[in-house]
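K.L.:
Residue numbers (this note's numbering), protein chains in the order written: chain A, 1 to 737; chain B, 1 to 158.
These aren't lab readings, by the way, just hints derived from the structure by calculation.
Here the structure is a predicted model, which means the values were calculated and not measured.
Among the hints, erroneous ones may be present.
[What the hints assert, rightly or not] Heads up, simulated DSSO-like pairs for lysine-lysine below, C-alpha to C-alpha not over 27 Å straight-line:
| # | chain 1 | residue 1 | chain 2 | residue 2 |
| --- | --- | --- | --- | --- |
| 1 | A | Lys285 | B | Lys69 |
| 2 | A | Lys205 | B | Lys83 |
| 3 | B | Lys143 | A | Lys668 |
| 4 | A | Lys416 | B | Lys83 |
| 5 | B | Lys143 | A | Lys218 |
| 6 | A | Lys229 | B | Lys83 |
| 7 | A | Lys218 | B | Lys83 |
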Amino acid sequence: MASKTSAQEQPNNEQPQKKSLTRRRFLQVGAIVLGGAMVAVYPGRIPMRRAAAQMVETMDFPASISSYRPDFWFEILPDNTILLKSPKVEMGQGIFTGFAMLAAEELEVPPSQIKVETAGTSTGVIDSLGTGGSNTTSSLFIPIREVAATMREMLKTAAAKEWGVDVSAVTTQNGVLTSGNRTMTFADIAKATKKWDIPKTPALKPASAFKYVGKDMKRVDLKPKVMGKPLFGIDQTMPGMVYAVIVESPYIGGTLKRIDTKAAAQMQGVERVIHEDGLIAVVAKSRYAAEMAAQALDIEWNIPQKWQQADIEAIVTVGKGTEVNVQNEGDARSIIEKAGEQVFKQEYRTPLGAHAQMEVNGSIVHVEKDKATVIIGTQVVGLVRDEVAKAIGMDAEKIEIRIPYLGGGFGRRYAKMNAGNAARISKIVGKPVSVFNTREQEFLNSVYRPNTHHVLRAKIAANGTVEAITHDQATPDMIIENMSGKAGMTAFGADFISAGHGASILYNTANRSATIWHNKLPLPVGIWRSVGIFANTFAIESFINELAHKLGKDPIALRLSMVSGTGSGSEKIYTRYANALKTLAEKSAWNSPKTPGTGRGMAMANDRKTVAAAAVEVTVTDGVIRVHKVTSVLDVGIAINPEGIRMQIEGCVMMGISAALYEGIQVKDGQIGASNFHEYPLAMLRDAPEIQSFILEADDVPYGVGEPPIAPIAPAIAAAVFDATGVMPRSLPLKVA
Amino acid sequence: MNIDFTINGTKASVDVPAEMPLLWVVRDELGLKGTKYGCGKALCGACTLHVDGEAVRSCSFPVSAAAGKTVTTLEGLSPSEEKLHPIQQAWIDEQVPQCGYCQPGFMMAAAKLIKDIPNPTDEDIRSNISNICRCGTHPRIIKAIRRAAELQRISATL
Chain A
1 MASKTSAQEQ PNNEQPQKKS LTRRRFLQVG AIVLGGAMVA VYPGRIPMRR AAAQMVETMD
61 FPASISSYRP DFWFEILPDN TILLKSPKVE MGQGIFTGFA MLAAEELEVP PSQIKVETAG
121 TSTGVIDSLG TGGSNTTSSL FIPIREVAAT MREMLKTAAA KEWGVDVSAV TTQNGVLTSG
181 NRTMTFADIA KATKKWDIPK TPALKPASAF KYVGKDMKRV DLKPKVMGKP LFGIDQTMPG
241 MVYAVIVESP YIGGTLKRID TKAAAQMQGV ERVIHEDGLI AVVAKSRYAA EMAAQALDIE
301 WNIPQKWQQA DIEAIVTVGK GTEVNVQNEG DARSIIEKAG EQVFKQEYRT PLGAHAQMEV
361 NGSIVHVEKD KATVIIGTQV VGLVRDEVAK AIGMDAEKIE IRIPYLGGGF GRRYAKMNAG
421 NAARISKIVG KPVSVFNTRE QEFLNSVYRP NTHHVLRAKI AANGTVEAIT HDQATPDMII
481 ENMSGKAGMT AFGADFISAG HGASILYNTA NRSATIWHNK LPLPVGIWRS VGIFANTFAI
541 ESFINELAHK LGKDPIALRL SMVSGTGSGS EKIYTRYANA LKTLAEKSAW NSPKTPGTGR
601 GMAMANDRKT VAAAAVEVTV TDGVIRVHKV TSVLDVGIAI NPEGIRMQIE GCVMMGISAA
661 LYEGIQVKDG QIGASNFHEY PLAMLRDAPE IQSFILEADD VPYGVGEPPI APIAPAIAAA
721 VFDATGVMPR SLPLKVA
Chain B
1 MNIDFTINGT KASVDVPAEM PLLWVVRDEL GLKGTKYGCG KALCGACTLH VDGEAVRSCS
61 FPVSAAAGKT VTTLEGLSPS EEKLHPIQQA WIDEQVPQCG YCQPGFMMAA AKLIKDIPNP
121 TDEDIRSNIS NICRCGTHPR IIKAIRRAAE LQRISATL
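Sequences are here, hints too, so could you generate the full structure?
P.N.:
Structure representation (structure tokens):
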């Protein structure tokens, strides 16, 4: 893993104590290099950096936040707006808006006075674990406010010194410091101060005093996005920039057999055709010329094996590969084994998936003699820098990564972004170069959501209750081997962190077990929005729905009967499940009469403590499934920006419908069987249902929102299709024969 | 040979291959980055702009076909940053964009739709716009188009 440290490395002499919102002492955590809170205008930056570096050494940030150079989270700009340099990237989740709200609470300014941009490597902190896992806002819920509060006190302290008054006599509002009849802006004091005193981290405002958190706030990036501003990586330029297209094998595992570059090299606008050390690329004056010349390359490929879909599914099958048990309560396995033919058993499959984010991957790179600049939309800034450093043999410290807005991510921007190759091209041609995928490359030379296979078994007791459930999930890797290589996979056995996420049975049966089977595919696989819980919820929740049908019980009633909190100290989560299920039943009018021809279905998931439940209504006409209504209930702990959460729910509902009804890659004759959107259709406007979102706040910390709502969508639709037709689809995309 | 056309009210003259897609001319020759590359095959609509008032998927539209015509991109949709086109205003009011990458194409397609059908039903919207969005902003796009149509009607009566 990329993290440089772990909780175990914290000094032992610290008493383990519950992190509270007030007076939390910042722990000193040696190996973690931290970001800092600082007030700076450019002329005053150097002494402030030093002060910041001293201060941050005594702060405790989530372990994965690191900066390669001690630097700043905040700057006061000359117009008295405050620049917040985000260690996390904005790819549509709306995190910048939430960050501005959190910082505003402690800075005593309106969120509109805070401008947020991604830090990049030279100007601020970055997160070495990347932006993903729906943990962005929740992981920074306390740190952002602590840094903001510290900065506010620093500004007040500096103003008090300037005026020769006690700091308690200084107040601040809207970026203006006041003492008696004297006033000064943040920008004034930042400019006037050379030496900063770093105060102790002040107590944070209690949640009851929040002015912005919990209220609907408009996204901070709406105006530039509707004006068509050049916000994205692909929109950036550098003086003297040329364009390149990289050519890779369109066959799985294919290698170069023969290449003739003559015709391509002579085409109009082409500067150079590169063919060295496994890199094939065309460099031209325009993207168009580069694309045309790439198509004109005369190439033959060695095809090691003509992989077919049946091969891919055979590799990913329960019982094959290495096995890791992740849940074992009671005696589930042996109860199921002894029951033999008496068990209720079903199997489910999910296909290889594409991220299909709208902005293709790519970067703009300028490699110079002693430095390199990379502009790239990525979810993992640190890994990109390491990749570039290795590719061109340059010290990582000399490589600056700038992060624009990302045109979608969904996990695709964790790997195979080709920044190393782009840097090699820039080094070869000695110019800045813009290297972006074609959509065909984005489909054919990508990283895919792995296909999965699930076997679920249940033993029903004589009294009609569920006595035992077992789940076996076969899944290739998402993150273990990708991040820590073969050795990592050997050590872990299977990817139970990402690919196996959500494999465990959340219902409180006395005997429950979950096992993950790892096997390796011949193609690159990785994380996809919500990681393994997408596939696992489809399988487990479909099974629970089938179980309810078999038992003649209502699916919500059956679930409610299995979320009572007995034992294991997890009563709180069971209460939250019950709360979500009851809310779902009420808000979706679950027990109301159905329109004839309509089917209803529901499902629930616990995605890293966010409880997501959904109910859907569908019709099936001539084999065409239409989702008409979706009710989504999301228990997020604490809601920071409810409107932002609703946007994420809607996004997850649409992506869930898309994945449930249309998406899936079939492998054929050694190739990925989808080269563009005509072969990988996505949900469109005509697929948009009526969506009702209900946010519950049944805890005292915020949990993730960007991924959890997608989990219950596919199994809820499958159940609704069964309800409407009597046919239960058990693989994605859902089909009614 | 130069190809001449008008773009967002300004004369443009470009010396590029006749078959070069208008998308790349607009983006890389004229530096207007609001029009997006999505698929290169007229499948996703991210590159939608207007040529003589018609919505066109510019990734598959040769620049020579724009010769002598009037091209409008998202940057030219509103008279100014302060006075937004009803579509842009509605996109802000309904908070449509998430990542925002596909939105220029959607907005250009929607601007054409409310010009042709000033009072569109949901069905008009759903069946006439086939652009792709991956963030799942579809429900808000539908709402925003209805709102934009209303804003257009209000401004017509002023």
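K.L.:
Hint by hint, note whether the structure agrees.
P.N.:
Structure-based check of each hint:
1. A/Lys285 x B/Lys69: Roughly 26 Å separates the two Cα atoms, so the pair holds.
2. A/Lys205 x B/Lys83: 40 Å, violated
3. B/Lys143 x A/Lys668: 41 Å, violated
4. A/Lys416 x B/Lys83: 42 Å, violated
5. B/Lys143 x A/Lys218: 16 Å, holds
6. A/Lys229 x B/Lys83: This hinted pair holds, its Cα atoms lying about 16 Å apart.
7. A/Lys218 x B/Lys83: 19 Å, holds
When the structure is compared with the earlier hints, violations turn up for hints 2, 3, 4 and for no others.
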